[in-house]
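> Take a look at the letters that make up each chain.
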Amino acid sequence: MREHAPTITLLSDFGLTDEYVGVMKGVIASTCPQARVVDITHHIARHNVRQAAFVLNNAFRYFPKGTIHVSVVDPGVGGSRRIVCARVDGHFFLAPDNGLLTLVVRSGGLESLHAVTNEAYFLKPVSKTFHGRDIFAPVAARLGRGEKIEAFGKRLVLNDLCVLDIGEPGISDDGTLSGEIVWVDHFGNLVTNIDLDVFEGFVGPPPWDTVTIRLAASQVQGLQSSYEDVEPGRPLALFASRGLLEICVNQGDASSYFKATAGQRVSVIKP
Amino acid sequence: MREHAPTITLLSDFGLTDEYVGVMKGVIASTCPQARVVDITHHIARHNVRQAAFVLNNAFRYFPKGTIHVSVVDPGVGGSRRIVCARVDGHFFLAPDNGLLTLVVRSGGLESLHAVTNEAYFLKPVSKTFHGRDIFAPVAARLGRGEKIEAFGKRLVLNDLCVLDIGEPGISDDGTLSGEIVWVDHFGNLVTNIDLDVFEGFVGPPPWDTVTIRLAASQVQGLQSSYEDVEPGRPLALFASRGLLEICVNQGDASSYFKATAGQRVSVIKP
Amino acid sequence: MREHAPTITLLSDFGLTDEYVGVMKGVIASTCPQARVVDITHHIARHNVRQAAFVLNNAFRYFPKGTIHVSVVDPGVGGSRRIVCARVDGHFFLAPDNGLLTLVVRSGGLESLHAVTNEAYFLKPVSKTFHGRDIFAPVAARLGRGEKIEAFGKRLVLNDLCVLDIGEPGISDDGTLSGEIVWVDHFGNLVTNIDLDVFEGFVGPPPWDTVTIRLAASQVQGLQSSYEDVEPGRPLALFASRGLLEICVNQGDASSYFKATAGQRVSVIKP
Chain D
5 MREHAPTITL
15 LSDFGLTDEY
25 VGVMKGVIAS
35 TCPQARVVDI
45 THHIARHNVR
55 QAAFVLNNAF
65 RYFPKGTIHV
75 SVVDPGVGGS
85 RRIVCARVDG
95 HFFLAPDNGL
105 LTLVVRSGGL
115 ESLHAVTNEA
125 YFLKPVSKTF
135 HGRDIFAPVA
145 ARLGRGEKIE
155 AFGKRLVLND
165 LCVLDIGEPG
175 ISDDGTLSGE
185 IVWVDHFGNL
195 VTNIDLDVFE
205 GFVGPPPWDT
215 VTIRLAASQV
225 QGLQSSYEDV
235 EPGRPLALFA
245 SRGLLEICVN
255 QGDASSYFKA
265 TAGQRVSVIK
275 P
Chain L
5 MREHAPTITL
15 LSDFGLTDEY
25 VGVMKGVIAS
35 TCPQARVVDI
45 THHIARHNVR
55 QAAFVLNNAF
65 RYFPKGTIHV
75 SVVDPGVGGS
85 RRIVCARVDG
95 HFFLAPDNGL
105 LTLVVRSGGL
115 ESLHAVTNEA
125 YFLKPVSKTF
135 HGRDIFAPVA
145 ARLGRGEKIE
155 AFGKRLVLND
165 LCVLDIGEPG
175 ISDDGTLSGE
185 IVWVDHFGNL
195 VTNIDLDVFE
205 GFVGPPPWDT
215 VTIRLAASQV
225 QGLQSSYEDV
235 EPGRPLALFA
245 SRGLLEICVN
255 QGDASSYFKA
265 TAGQRVSVIK
275 P
Chain U
5 MREHAPTITL
15 LSDFGLTDEY
25 VGVMKGVIAS
35 TCPQARVVDI
45 THHIARHNVR
55 QAAFVLNNAF
65 RYFPKGTIHV
75 SVVDPGVGGS
85 RRIVCARVDG
95 HFFLAPDNGL
105 LTLVVRSGGL
115 ESLHAVTNEA
125 YFLKPVSKTF
135 HGRDIFAPVA
145 ARLGRGEKIE
155 AFGKRLVLND
165 LCVLDIGEPG
175 ISDDGTLSGE
185 IVWVDHFGNL
195 VTNIDLDVFE
205 GFVGPPPWDT
215 VTIRLAASQV
225 QGLQSSYEDV
235 EPGRPLALFA
245 SRGLLEICVN
255 QGDASSYFKA
265 TAGQRVSVIK
275 P
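Chains as they are written, first to last, in our numbering: chain D, 5 to 275; chain L, 5 to 275; chain U, 5 to 275.
Chain D with its partners taken away, still in its complex shape:
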């Protein structure tokens, strides 16, 4: 048994209109009432495993070591896809084996990986449509009570894990650094997959006043360090809180300003 109250995070595409999320918390409370349950988000676009992979990877490091991260974006629920439990950098992850852990495993050190197959830990009868309630929640609660990851199923190796082809930025034929918008946040900020290391490796050390960021027919000149470096309503590019290049509008909505959406190409052009 653990000494302290464990933290369990939930991430899903369930939305908050139905009783799904509440029911998962009820199941957790029934087995591990001392757990502190925190929602990362339940508004992943339906069945969008790629988005879930991105959001989970941005969030998990800010929780205490030992946190149990339960991610259920699971278009294959009830079918042949596996459920896995991974330990990465001291955090535990429960997810369908559909690529949801791609970025977590890419960025961190995989310490342990097991299939989740031991029905002794499941809620019976196990439905074919809501494994969040019947498998993920009770297994998370047992992890929270100190159950060893080995108890849930056989050991797997990294190569067993389903991995999504989530592109990393690369050099295009025209000599520009080419990435993409991977997320449009609530404020309309355009989050790219270009991180600071890749950026600096391409354009060299600052100052970056003469670097151009191109987005379809539009472009932003230079990098800023904060929103206020430009007038309200004006666009800018900066490295924001995720450590990724973002295209924003000061006190505005870059998504509307540029009519841009996730998946769109973003190029970095050297002076």
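One should not assume that every hint holds.
Because identical chains share one entry, a pair is satisfied inside a single copy or across any pair of copies.
With a straight-line Cα cutoff of 25 Å, these simulated DMTMM-like cross-link-like pairs (lysine to aspartate or glutamate) come out [stated by the list, open to error]:
1) Lys69 with Asp43
2) Lys132 with Asp213
3) Lys274 with Asp199
4) Lys152 with Asp93
5) Lys132 with Asp189
6) Lys152 with Asp43
7) Lys152 with Glu184
8) Lys128 with Asp93
9) Lys263 with Asp189
10) Lys69 with Glu151
11) Lys132 with Asp164
12) Lys128 with Asp199
Everything labelled a hint here was simulated from the structure, so no lab data went into it.
Assemble the complex: chain D is given as a structure, and chains L and U must be docked to it using the hints.
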């Protein structure tokens, strides 16, 4: 006094934009700081007591015995409607006496029923528009601290309780089993009021490949056991996690596919 | 160190789609795992400090003394605006110094006010775009652990604080009491800035049957005490749960009924 931290659930049509839900949690924290408060949902359609009755009944069993379920969908707030506290199968329920507990009481064993009238437990002055804050939250907190249900008001009997006419499926003149869509979930799944017992009583034991489910001018042939039994984008019928017949589209939205909404008739036709 | 688990509330314009709110809770859990974190709302309109000031002021009193209220509606994040920590009526407030505390300070007794500048309490590196994660959450967690407000930065005086020009109702040239709609709630109720004292000071003591409430070309005759005092679908005016004059429709949506929005003028006319 209880030994353990009580669980209090909240269900309402308050939405999450205003401060209403946060204020209820503040009132609970002021009286019973040890309570674990879990949201079932606050996105019941405004004033839709029928929806609330359905969602509450689907959710409550997954919480630990002793949980206090506070449900506030209350178009008659401040008027002549009563507030009641019920104990059903070891769970406590606080709700306006407007039919919200219809399905909970129909499905479970009513162990105790009291009016909530003892103003000693209310927040003063009691507003006429926000009993969630002034009555439901403080009474729930006192229940959470171990107050007896008898303290809140006089004993009532089952016949005193307002009950909604929530139809159960029946045999139509044309010899089909006739139910209705009672809920369209976040994924667009069409949840009916036809449970497995009623279904099997009508069509007999499986296999059910030749049973037809009719929805307006459309129909689905046979029952599946999981989404993956059909191709992505194709419709299917199955008994899903609530134990009810649902009409779904694998990795899609049945509500859009069939242009269907709650209240619409669903028929089961024997081969 | 505090003896009891502290309560920390969160209010923001972050929405619930991104990982922002979850990440703040992760940071809090890392430093002050015993904290009870309660969301007031994360659906303040983007960058609308005025709305945030209103909602925070309506909510905070319902939490226990000692609660730490973290409010992050912060269009100037990363720029020159200050962050402040205030103690008002035994409650703690962390907010950008952009007017968000205007109504809290106006209505309550300011007991202490400090700048938040001591980087020893911040998450490093401090981003320029997400002070909720890097400053507000870790400082709130340290407050929750019992750190003194003096530790975070130099003492300020009330006059140092940025205050919004949030109008109070006044007497117009035409002899009416003139206020405005400051909030449209989830139910479509129109909440004005006219409180009971101001109202009674203008029209005199009840009965108020002959008072007229005018809203653009429409008007409501008399004040009611609860929704049920009029037929379903009919408009009414009453003093509702915030102690403010509200214009409502019984079981309906006054915002649609009157085609009214926040900012619109509301007049009280004496008989």
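> Now look at each hint and say whether the structure bears it out.
Here's how the hints hold up against the structure:
1. Taking the shortest alpha-carbon separations for Lys69 and Asp43, both the intra-copy value of 17 Å and the inter-copy value of 24 Å come in at or below 25 Å.
2. Proximity of Lys132 and Asp213 under a CA criterion of 25 Å is satisfied inter-copy only: 18 Å between copies versus 55 Å inside one chain copy.
3. In this homomeric assembly, Lys274 and Asp199 come within 25 Å of each other (Cα to Cα) only inside a single copy, at 16 Å, whereas the closest approach across copies is 60 Å.
4. For the homomeric pair Lys152 and Asp93, the shortest alpha-carbon distance inside one copy (16 Å) is at most 25 Å, but the shortest distance between copies (33 Å) is not.
5. Taking identical chains as interchangeable, the C-alpha atoms of Lys132 and Asp189 lie at most 25 Å apart only when they sit on different chains, with a minimum of 16 Å there against 33 Å within one chain.
6. With identical chains, the CA atoms of Lys152 and Asp43 are at most 25 Å apart within one copy only, with a shortest distance of 24 Å there and 30 Å across copies.
7. In this assembly of identical chains, Lys152 and Glu184 lie within 25 Å of each other by CA distance neither inside one copy nor across copies; the values are 39 Å within and 45 Å between.
8. In this assembly of identical chains, the alpha carbons of Lys128 and Asp93 lie at most 25 Å apart only when taken from different copies (19 Å versus 32 Å within one copy).
9. Taking identical chains as interchangeable, the C-alpha atoms of Lys263 and Asp189 lie at most 25 Å apart only when both belong to the same chain, with a minimum of 14 Å there against 30 Å between chains.
10. With identical chains, the CA atoms of Lys69 and Glu151 are at most 25 Å apart both within one copy (16 Å) and between copies (23 Å).
11. When the C-alpha separation of Lys132 and Asp164 is checked against a cutoff of 25 Å, the pair qualifies only within one copy, where the shortest distance is 23 Å, while the shortest distance between copies is 40 Å.
12. Taking identical chains as interchangeable, the C-alpha atoms of Lys128 and Asp199 lie at most 25 Å apart only when they sit on different chains, with a minimum of 18 Å there against 45 Å within one chain.
Comparing the model with each numbered hint stated earlier shows that hint 7 is the single one that does not hold.
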